[in-house]
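Student: These are the residues of each chain, in order.
There are 2 protein chains.
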Amino acid sequence: MVYCNFLIITYNSSQQLITKGELHMNTTESLYEELRHSLKDHQISNNETLIEQHSHDESYHHPSAPDLIVFPESTEDVEAIVKIANAYDKPVVPYGLGTSLEGHVIPYDHGITIDFSQMNQVLEVRESDFLVKVQPGVTRSQLNKELKKYGLFFSVDPGADATLGGMAATNASGTTSVKYGVMRDQVRDLEIVLADGEVIHTGNLAQKSASGYNLNSLFVGSEGTLGCITELTLRVYGIPEHITAARASFPTVDDAVEAVVSILQAGVPIARVELVDEPSMKQANLFSETNYKEQPTLFLEFHGNEPGLKHDVEFTQEIVRDHQCEEIYFEDDNAARNRLWEARHNLAYAFVHGYPGKKLMVTDVCVPISELAGAIKHAREKVNELALHGGIVGHVGDGNYHILLMMDMDNPEEVNKAEQLNEQIVQYALARGGTCTGEHGVGIGKMKYQEKEHGNALQVMEKIKRALDPNGRFNPYKLVHKREENK
Amino acid sequence: MVYCNFLIITYNSSQQLITKGELHMNTTESLYEELRHSLKDHQISNNETLIEQHSHDESYHHPSAPDLIVFPESTEDVEAIVKIANAYDKPVVPYGLGTSLEGHVIPYDHGITIDFSQMNQVLEVRESDFLVKVQPGVTRSQLNKELKKYGLFFSVDPGADATLGGMAATNASGTTSVKYGVMRDQVRDLEIVLADGEVIHTGNLAQKSASGYNLNSLFVGSEGTLGCITELTLRVYGIPEHITAARASFPTVDDAVEAVVSILQAGVPIARVELVDEPSMKQANLFSETNYKEQPTLFLEFHGNEPGLKHDVEFTQEIVRDHQCEEIYFEDDNAARNRLWEARHNLAYAFVHGYPGKKLMVTDVCVPISELAGAIKHAREKVNELALHGGIVGHVGDGNYHILLMMDMDNPEEVNKAEQLNEQIVQYALARGGTCTGEHGVGIGKMKYQEKEHGNALQVMEKIKRALDPNGRFNPYKLVHKREENK
Numbered sequence: 001m002v003y004c005n006f007l008i009i010t011y012n013s014s015q016q017l018i019t020k021g022e023l024h025m026n027t028t029e030s031l032y033e034e035l036r037h038s039l040k041d042h043q044i045s046n047n048e049t050l051i052e053q054h055s056h057d058e059s060y061h062h063p064s065a066p067d068l069i070v071f072p073e074s075t076e077d078v079e080a081i082v083k084i085a086n087a088y089d090k091p092v093v094p095y096g097l098g099t100s101l102e103g104h105v106i107p108y109d110h111g112i113t114i115d116f117s118q119m120n121q122v123l124e125v126r127e128s129d130f131l132v133k134v135q136p137g138v139t140r141s142q143l144n145k146e147l148k149k150y151g152l153f154f155s156v157d158p159g160a161d162a163t164l165g166g167m168a169a170t171n172a173s174g175t176t177s178v179k180y181g182v183m184r185d186q187v188r189d190l191e192i193v194l195a196d197g198e199v200i201h202t203g204n205l206a207q208k209s210a211s212g213y214n215l216n217s218l219f220v221g222s223e224g225t226l227g228c229i230t231e232l233t234l235r236v237y238g239i240p241e242h243i244t245a246a247r248a249s250f251p252t253v254d255d256a257v258e259a260v261v262s263i264l265q266a267g268v269p270i271a272r273v274e275l276v277d278e279p280s281m282k283q284a285n286l287f288s289e290t291n292y293k294e295q296p297t298l299f300l301e302f303h304g305n306e307p308g309l310k311h312d313v314e315f316t317q318e319i320v321r322d323h324q325c326e327e328i329y330f331e332d333d334n335a336a337r338n339r340l341w342e343a344r345h346n347l348a349y350a351f352v353h354g355y356p357g358k359k360l361m362v363t364d365v366c367v368p369i370s371e372l373a374g375a376i377k378h379a380r381e382k383v384n385e386l387a388l389h390g391g392i393v394g395h396v397g398d399g400n401y402h403i404l405l406m407m408d409m410d411n412p413e414e415v416n417k418a419e420q421l422n423e424q425i426v427q428y429a430l431a432r433g434g435t436c437t438g439e440h441g442v443g444i445g446k447m448k449y450q451e452k453e454h455g456n457a458l459q460v461m462e463k464i465k466r467a468l469d470p471n472g473r474f475n476p477y478k479l480v481h482k483r484e485e486n487k
Numbered sequence: 001m002v003y004c005n006f007l008i009i010t011y012n013s014s015q016q017l018i019t020k021g022e023l024h025m026n027t028t029e030s031l032y033e034e035l036r037h038s039l040k041d042h043q044i045s046n047n048e049t050l051i052e053q054h055s056h057d058e059s060y061h062h063p064s065a066p067d068l069i070v071f072p073e074s075t076e077d078v079e080a081i082v083k084i085a086n087a088y089d090k091p092v093v094p095y096g097l098g099t100s101l102e103g104h105v106i107p108y109d110h111g112i113t114i115d116f117s118q119m120n121q122v123l124e125v126r127e128s129d130f131l132v133k134v135q136p137g138v139t140r141s142q143l144n145k146e147l148k149k150y151g152l153f154f155s156v157d158p159g160a161d162a163t164l165g166g167m168a169a170t171n172a173s174g175t176t177s178v179k180y181g182v183m184r185d186q187v188r189d190l191e192i193v194l195a196d197g198e199v200i201h202t203g204n205l206a207q208k209s210a211s212g213y214n215l216n217s218l219f220v221g222s223e224g225t226l227g228c229i230t231e232l233t234l235r236v237y238g239i240p241e242h243i244t245a246a247r248a249s250f251p252t253v254d255d256a257v258e259a260v261v262s263i264l265q266a267g268v269p270i271a272r273v274e275l276v277d278e279p280s281m282k283q284a285n286l287f288s289e290t291n292y293k294e295q296p297t298l299f300l301e302f303h304g305n306e307p308g309l310k311h312d313v314e315f316t317q318e319i320v321r322d323h324q325c326e327e328i329y330f331e332d333d334n335a336a337r338n339r340l341w342e343a344r345h346n347l348a349y350a351f352v353h354g355y356p357g358k359k360l361m362v363t364d365v366c367v368p369i370s371e372l373a374g375a376i377k378h379a380r381e382k383v384n385e386l387a388l389h390g391g392i393v394g395h396v397g398d399g400n401y402h403i404l405l406m407m408d409m410d411n412p413e414e415v416n417k418a419e420q421l422n423e424q425i426v427q428y429a430l431a432r433g434g435t436c437t438g439e440h441g442v443g444i445g446k447m448k449y450q451e452k453e454h455g456n457a458l459q460v461m462e463k464i465k466r467a468l469d470p471n472g473r474f475n476p477y478k479l480v481h482k483r484e485e486n487k
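One line per chain: the protein sequences are A and B, in this order. End of the first sequence sits at 487 in full-length UniProt numbering; the numbers just go up one at a time, nothing left out. End of the second sequence sits at 487 in full-length UniProt numbering; the numbers just go up one at a time, nothing left out.
Think of the hints as simulated: they come from the structure by calculation, not from any bench. Honestly, I wouldn't trust all of these hints.
All copies of an identical chain are treated as equivalent in the list; a pair is satisfied when it fits inside any one copy or across any two copies.
Result set (BS3-like, lysine-lysine): computed pairs, CA atoms no more than 25 Å apart in a straight line [stated by the list, open to error]:
#	residue 1	residue 2
1	Lys-382	Lys-282
2	Lys-358	Lys-149
3	Lys-452	Lys-133
4	Lys-90	Lys-482
5	Lys-133	Lys-179
Assemble the whole structure, with the sequences as input and the hints as a guide.
Tutor: In structure tokens:
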């Protein structure tokens, strides 16, 4: 009987042919059995530890467990899983490494979580084309290790060593986006398994195209709500001939931010520019045992040829001095550069370490660069008013900043204050032409701001969701898919 | 009676309330009358000369006349026009300056052409944010004239002095895209009038966002099939501190293309790199009265600071010499640089001038850069085999090239040969991971290749079209909207 169902499901190209009535087995147990006919035993699990691990991400959002976790090893596996999910009317949530920060991968309607960790091959490096083809479970550091052999690197660095599938699904970005762009700018082609189990390619290998609607950019950042990414072709870059890093301290955050605006206006092609405020510098010194000046600090990086960089560095020195910079250190040496960046990279850990028992909550808005100084000042005032503990850091070249808050999640008053703060900084950003999320994405946490931010355009997004996933199969209750509307 | 209809149409927010049956006036005359209630007399025309002018673009595609042309002066005018078009079930075609090359603006189902020439204001320059807000009828050169006052420039240069609305609609690109990206990369926000007459904004003013589906990139390149662009917020750049141009001659096209690949691989940040082949150089010399070496030639440009450029230029000299470059000239001076680029920019005119009575037909494919030398060699062989007259030029840093063909449109054999050539170069590109159009777009000319290029993804595009424009109101029979399926 089970075998018979398996045959029907696997060999019919369209899942519409199979109705629930025909199957009479709409339970997790029979779903498990069904999956066993398409996948190997070790590819399916309802092990308690694994279920727990896949019931949350790195955010403070409340957990919810999947019924089952599957570990596909090929696109064909994913097609089979989606077709079976359709037959059993079970939701599907794609999962990379669970490093999302707004509850993206939490299966609030349970069902099947597809863990892509076994699809982790770098499939092809096209050196002359500056392209690489990877499976979605490849991590950023794994890719960069492989690319180093070719003198190439992948530019997007969100901090976490996330999977590339997850980074594409959430349009990740980070410290280098000011020069190289965000994840969306790197995606040349995606292989996607759609809600009906069909496979498409969203792009091609050419550097540019004016053919058809741009599906690459639609699927990047769609947070697993429109399809499962099963392969990515990504743009990569030659490792720069020369890199210089710098650390510059300022008396106020305003001075630091205004210095960044001046650097950008002067056309200096900075590759990274990160702001770390005074409380964050204190935390960094405590954690990293450094004795950096405890003032608002810019961490900068320049990529290029040596004489060009020398000129950029001199120009930058003049600019930061015009903005009351009190100390600037440059580092050309690789090891020294790494030490310099360590303080910035370890900041989240530094806060976690400094506030034992508390949980980290990170806000994430982005404003036009001319509004950044005001936005950060407003944020610091609100943090102080609410007597919260936290630092402000930011990819300030993009107008994107975060508040790192240390929260006692068992203290409802504190949680309430943090939510108030989040609300206030989002409303501040939206009122000034900004966005409720610069890089973390919508997930469950930013859904409440979608209508305010997008207005009528949200209905266009909802129409697209309904057109491509009419049964709400993929990642339910996320992004545009409100809980009250479905099921 | 007419006035009464006008009231119904204007004050009902949804055109669904008005049925054709209620109106009893589904003729061009009554449509004209209806429009006169929402627009001023001078904003509507069926003048014969204007009708003829709006019945074609710059391509060889056969003309078709609109019933009427309207000249909106505001977003509200466009909303009213679309609502009236819905009430009368008339198609709507947005029109910039008619410089499209694949029949994009030809109204094959007649109806209303919306000419945006009266919406031509630069609305705001946000200097510190590197942003500008414009109406869709502003041309590229008009914008650059305004931006120069601020030390800024708009980077996309497709050759023609097109409108920015048209450039966004077709995802235009050109000589500078190798460094600054294509039109899609510059669009921060669009105001769009949708098929139901509602107005949306597709983005915001922040440099990056991870909020919601990316509608900016969906509407850019949708060729007026999903909505009318009524306002654009675009990214602009600081005018580079220093610019150097160069012209380098090579014994073969292969050598020139391989030199470009090496320059890119060496990480030299070239701002332009254009290939002009031997027949095109001959034509340029005839037209511009220059005596440039009649060999495959690269025109290059470098933007940056002076010492950085000096290093880039020296490095580039070494690279091109390794690829048999026989002559390389550099020009720092503004006037000399302009002269150097003139030969490239006037090439299309040079061919038109050299073949009186013939019409220019331009092909446009894009391949991965590693396939470019082979693709251009194949193209030259096919041009020679078919005994056609034309030159090959290309934005070779992007893998994008064109064949400029001089055609006698009254000679069916010649037209047939040109179509054969187009077919062959498109199939060659598609077989190698390329695209049927790098920058000219689909329009009517590249529709036949959409299925081959996009496979199942074409159905996703069709679903999006149906979801956003269920009645096929906007620019019928273009991009994904096949004639046989509708009406």
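Student: So, for every hint listed, does it hold in this structure?
Tutor: Hint-by-hint comparison with the structure:
1. Lys-382 / Lys-282: The answer is within: 20 Å in one copy meets 25 Å, while 68 Å across copies does not.
2. Lys-358 / Lys-149: Cα proximity of Lys-358 and Lys-149: none, with 42 Å in one copy and 53 Å across.
3. Lys-452 / Lys-133: Between. Shortest inter-copy distance 21 Å satisfies the 25 Å Cα cut-off; intra-copy 38 Å does not.
4. Lys-90 / Lys-482: Classified as within; 17 Å inside a copy, 35 Å across copies.
5. Lys-133 / Lys-179: Cα proximity of Lys-133 and Lys-179: in one copy and across copies (23 Å, 23 Å).
This entry does not satisfy hint 2, going by the numbered hints stated previously; all others are met.
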